[in-house]
Amino acid sequence: MSDKSKLGSLRSNNLVLQENVSAYLFLLPFLIFFVGFVLYPMFMCLFTSFFDATMGRKDIFIGFQNYKELANDPVFWVALRNTLVIVVVSVPVTCIFSLWVATIISRMPMAATSAFRCIFYLPVVTGSVAVTMVWKWMFNNYYGIFNYLGQNMGLIDKPINWLGNPKYALGCIILILLTTSVGQPIVLYVSALDNVDKSLVEAAEVDGATPMQAFWRVKWPQMMPTTLYILVITTINSFQCFALIQLLTSGGPKNSTMTIMYYIYYNAFKLYRYGYGNAMGVILAIIIAILSAVQFKLGQEK
Amino acid sequence: MKKILALAMVLCMIFALATPLSAFADDAVTISLWTYPIGKWTDEATVKEFIAAFNEVHPEITVKVEYLDYTNGDDKINTAIEGGQAPDIVMEGPERLIANWGAKGLMLDLADLVPAGTFEGVASSCTTADGKVFELPVCMTAHCMAINKDVFEAADALQYIDLEKHTWTTENFLKAVQAVADAGYDYVGTVFCGGQGGDQGTRALVTNLCGGTYANPEHTQYTYASEENAKALSLLCNQAGITFDPAIVASDEIQNFVNGTFQMAFCWNATQEVNNADALSFDVFPMAFPAPDGVPSLQGGIWGFGIFDNKDEARANAAKEFIKFLTADDAVYTKVVEATNFQPVRDVAGVYEGNELMAEYALMNPMMGDYYQITKGWTTARTEWWNMLQRVGESDGTPEAILVELTAAQDAANAAAAAE
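Top to bottom, those sequences are chains E and B.
Heads up, the first sequence is in the working numbering, so the first residue is 1 and it goes up one at a time.
Heads up, the second sequence is in the working numbering, so the first residue is 1 and it goes up one at a time.
Hints listed in this document are in silico derivations from the structure and should not be mistaken for laboratory results.
Cβ coordinates follow ideal geometry from the N, Cα and C atoms, glycine included.
A few of these clues could be false.
Each computed EDC-like pair below joins lysine to aspartate or glutamate, with the alpha-carbon atoms no more than 16 Å apart [said to hold, decoys possible]:
1) E:58 - B:420
2) B:104 - E:59
3) E:254 - B:112
4) B:320 - B:112
Ranges of calculated distance between the beta carbons of each label pair, as one might list FRET restraints [claimed, not checked]:
5) B:398 - E:92: 41 to 47 Å
6) B:85 - E:153: 50 to 56 Å
7) E:39 - B:259: 49 to 55 Å
Quick look at which bits of chain B chain E covers, simulated, 3 or more residues with Cβ under 8 Å [as the list claims (entries may be wrong)]:
8) 77-83
9) 379-387
Starting from the given sequences, assemble the full structure and let the hints guide the process.
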């Protein structure tokens, strides 16, 4: 290689290096945040799960003892079952309902579409405590609006203690979760429907496709990335259902609304069993990771 | 030349920023006070008055206040402890200061600050087995219950009450509840069990009703799985007008009592009446919990100051000065107690002078029983209690079935006590 080409190569390498350094400098603030608030806590969660960790004394290494205890903890299994029920019910319902609403409001005039988008998004931007308190009032056993309407319309003979009865409590939690979960998917689906290639839809219609066929064969495949995102986000949010439980039922009655997230909080912050709580956190993270991977895989195949 | 000038200016700025404030005020120290909602100790104006008075004597000490609530207060403090940011002073009761943070070695011994004349029962509740005092007691109360006197009068149920002593027997309590229920009230009283908030009310109700206990006198074990308590719960389960509600906690119960939905509150004290005075549209009559012989053992409440051991001598000394200022001098202490709406923990002349309401509630003090909240495993015991009540509310109401639930809860609580 001649001296000239060597010099050129060196300059080129310097330029690449400079660009890389600039790029990493731009990324640095986020990287610091990511390492400090995501990676480090994740590592600490895994690390602490192998210890008997509590307040006011040094942690004691106990290997997999926390995980063994989890396997024999009946409340953990109840919490896991309740969490899965929430996920299995709320994820499909949220997606289907959002898609249905989005298809209806996307056909409306622009002003109406915007208005409905705002209305459905309101519970998302309203503080969760405020939303929960309003629902708590509506479900109230003594003067709640549901019992008032139910009795006046002859649907129920006597007041139902919605949040105090193991038969209804989890259903009530899921209902509230749905109202706070559908806002974002509706907005995303409306955008996805707007972005569908109109020429393909028109071509299908010219070829004799019915509106239903045009939707499922042409629009739906183009909305797949949005659907995948909504599925993953809704699944994670459903797994992490916590505020509603803490504000409304504290996991009761008779553990009927106990979820893994609340049980983690209860063990870590009420009983100071940090190691045990972290072990549950690890299990929850693994379950969410597996489900998300399956959803991505299925989404890619589609 | 310009570069040298710029460098000099930068150096000046760095030195100015790096110069510690202590260089200007050698003795200045800032301490933090975190307080739970104890009477007016949740009111910023009241607390600021005390701090202003303190600063007249100690201008070098700055006190920053944070107001906690009973829903998230524990979480907030525990998170701060884990993050090495514990407050210097916390105002709360022995169940947290002694049995919890004190037992974990996080508090400073305040034995030398306890004023002479502090009631023996109170002082002993704030002292550990090895003689350490992790709480400087300030005020106390005997938790009681309350009835809607207007409704009871209309239902002719006042005949079952000793109106002078504010007491009743178990038999008369059940008759009174029946009378009010017969008068058309579905919700005479509700055993709230949606969480641990205000559970002193349900504990006192159950353990007094048939002469049961909650913990042994040594505070080493829980004893609530007894035939007496099973019988008491069975009586409550089968009594018209009494319901078990897992959807509410004490604050909801109080709200429902104040708005007239419930005719009794099992979680009540003088502060509740003072705080809800504007909303009450009926005559509240404070009552002791029913007992077979009409002489109950009431659940006490003690509140005071604790100091976290933050390994900073200057802050620790400043914190001690602050709580000494509030408790040592009778004149200041009187105001401090009156701000809590509870009773003093030592004889002080002039507290609540001419206040009929506080005099009425003071009738409960001689009935105060054992302060068992300092028994080990307390956190678990509390959780087990309200969960047990939820299961009992769903049971067939027989003493046998209830005893099974009591035993399961007690076993878990005792296991936690043994593990601590």
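Compare the structure with the hints numbered earlier in the document and write down the numbers of the violated ones, lowest to highest. Violated: hint 3 alone.
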